[in-house]
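Produce the complete structure using the sequences and hints provided.
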Amino acid sequence: MALIELKEVSKLYGFGDATVLALDEVVLSIEKGEFVAVMGPSGSGKTTLMNVIGLLDRPTHGSYLLDGRNVARRRPNQQARVRRDRIGFVFQSYNLLARLSVLENVALPLAYKGMTPVRRQKRASDILELVGLRDREYFMPRQLSGGQAQRVAIARALINKPSIIIADEPTGNLDSTDSKVVMELLADIHRQGNTILLVTHNPELTRYANRVIYMHDGMIVGDEQTAIGNMAKGARRTHYQKRKVTDDDIAEGVSALMRDVPGKELSAKARKPRPRAKHKKRSAKRLASHRLKAGSRQRREKTRK
Amino acid sequence: MWSGNFKGAIGSLRANKGRSLLTMLGIIIGISSVVTVVSLGEGLKSQVTGQINQLGSNVITIRSGKLVGNGSGISGINLLAFLSTSTLTDKDVQAISKLPSVNSVVPLDFVGSSASSDKRQLDNIFVVGTSSKMADLLHKKVAYGSFFESDDSTNKVVIGSSIAEELFGELNPVGHSLKVSGATFVVQGVLEPSSGGLLSVAQTDFNSAVFMPLKNARSLTNGRTNILQILAKSNSDQLDIAVNDIFAALQKTHDGQTDFTVLKQYELLGIAGNIVNTITRFISGIAAISLLVGGIGIMDIMLVSVSERTREIGVRKAIGATNRQILNQFLIEGLALTLGGGIIGVIVSLIINGLLRIYTSLQPAVTIQIFVIAVGVSMAVGIIFSVTPALKAARKNPIDALRNE
Ligand SMILES: Nc1ncnc2c1ncn2[C@@H]1O[C@H](COP(=O)(O)OP(=O)(O)OP(=O)(O)O)[C@@H](O)[C@H]1O
Ligand SMILES: [Mg+2]
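If you read the protein sequences in the order shown, they are chains A and B.
All residue numbers for the first sequence refer to the working numbering, where the first residue is 51 and numbers rise by one.
All residue numbers for the second sequence refer to the working numbering, where the first residue is 641 and numbers rise by one.
Each statement offered as a hint is correct.
In silico lysine to any residue, SDA-like type, Cα no more than 20 Å apart, as pairs:
no.	chain 1	residue 1	chain 2	residue 2
1	A	K57	A	T110
2	B	K657	A	L150
3	A	K163	B	N645
4	B	K781	B	S744
5	B	K647	A	M165
6	B	K647	A	P191
7	B	K1036	A	R123
8	A	K163	B	K647
9	A	K163	B	G648
10	B	K1036	A	A122
11	B	K647	A	Y188
12	A	K163	B	R964
13	B	K1032	A	N127
14	B	K1032	A	P126
15	B	K773	B	S786
16	A	K211	A	E179
17	B	K647	A	Q171
18	B	K1036	A	G64
19	B	K647	A	L147
Everything labelled a hint here was simulated from the structure, so no lab data went into it.
Quick look at the structure:
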């Protein structure tokens, strides 16, 4: 029995003309102990997929079995408990609570479990040792570098011994040295038998994974087993995704973006062609808007630096 | 969980110190005014109770002015009666003293004055003009010396304990002389210290009074002939008869007019209680408005806090906080805010009470009940006005909250 079993999961946002199909009948099963990298262009639904698997979001259609039990339709509080006990999140923006110390941040999931302060701080201290930040216990998050903050976030994700670690672009805000430290840490955690889901735009990072999933337009358009240490083939092909989007690109409009669409060849092989001409037209427009959004986001990041 | 939440709540309040304090202000004002007024009321009540202890329960008080209603509607009117000329005279005293149901009668007249010994001077004292029979009515004994025996114009006076202390210090004042409004008198006795004073004249306290024969007191006040108050004593089993007799006798001397009031001690207490309750109710009303405004302020600031911390809520939910746990977090934060306000309010009122004790002769009394009620009310305000913001926080969808910038 697979750890995660998604059966035709769809996620719709908005309604009427503004409807966006963020996940389109996704079928996916992940075994315990896998390190799955999820790739795909911006707006392809990676984050949405992670949120559904992480029980932060509810699918509009379909079922989600976690360890054989359907969890997608549980009540919010039950889902909160599943998140607490079985899922660890690592976010791109760390999401540490600014007013709590490093130790308190890491121990927080245990507080929600009702563990006594002394015991949970001891546990948190042990986990911080694991990520090499024992000596930063009493620092506040703002006193940490990006890489350290992300390691604290990983410690927090680990503290409840979760079944799955979901890391959505954990290295997105980090330079290459910090990225490497964080990825090595995740690799360590994987070696100890944990299941990891990693969303990334960096093909290099597929070296840490033993399975790479490619998404496009809310669908899984490729699923590749790779050896740890090797860069995934599909990822190499989509390498050009990484290039900066310029204003010219945006001005070029829909046709130019259609050329950019990665994994088209892949998708032709990977999935049976389905008659959905009408849908394609809509998704092209949608893609354009994502590119615009992504472009402005990258510009924002540039100005921040 | 709760203690952790409380620590967290205080942390987040301290992160916004200025804002928290401003928000607390309404609560602080509300709580401190209620506590001050209630403790003043308690103090006044115990002062009146003190008077009963001082005079005994079978003493009847006769005062000028007509009592409106029977003890409930009188509040201010009767107090004001003392500002106008009293309708009681020597004739009334004589009429009452002839009644068989009355054991002894004393007139009481109060004159504000100053007193000095050869060492020191006191400005705010009361001269009580009365008769030698006052000794029968006083519950408290004469500590040193004795009460004056003659009602004639002697130069003998009896002084209260705090006057004795302040004018003569360690010395036994008996036999020493003191000056009251320029005239020289000899101290014949010193009263035991007592708590409480007479309600009839505000702020009268036997401890800082000089007792002398009525005639002498009158010579200090350019020969005023009326009497502010008459006290009569009867046997406890004849109390009601005495009251009726006095009433009838006075009506005769007043040509059928009822421009006086005859009161038993506990009725006096009832009146004091009524006045206190009326004032307390009035101030409590104002305080309730202040608490309401304070509560709305708290709700407002909590709503701001919830929307400012949407992302934090998202993170907490992502790592497994249930709706209830988020709800508790914000409820406790609101609670900490009002509890802090309540405690500061109590402290402020204690300071005000202390100042009142030092600079006025009011004796506010704080009881444990007042404190418990103040803290309870502020906690209730905290819970009631935080429910809406806390629910708003608890019901946030985790993913929407996380996406919030
Ligand atoms: N709350 C929302 N309301 C409406 N549309 C949404 C919402 N969240 C996501 N979407 C849409 O769903 C689609 C998938 O978004 P998603 O965030 O999953 O993309 P992504 O693959 O994670 O992109 P990126 O690489 O930029 O993070 C996009 O078209 C996006 O606009
Ligand atoms: Mg994303």
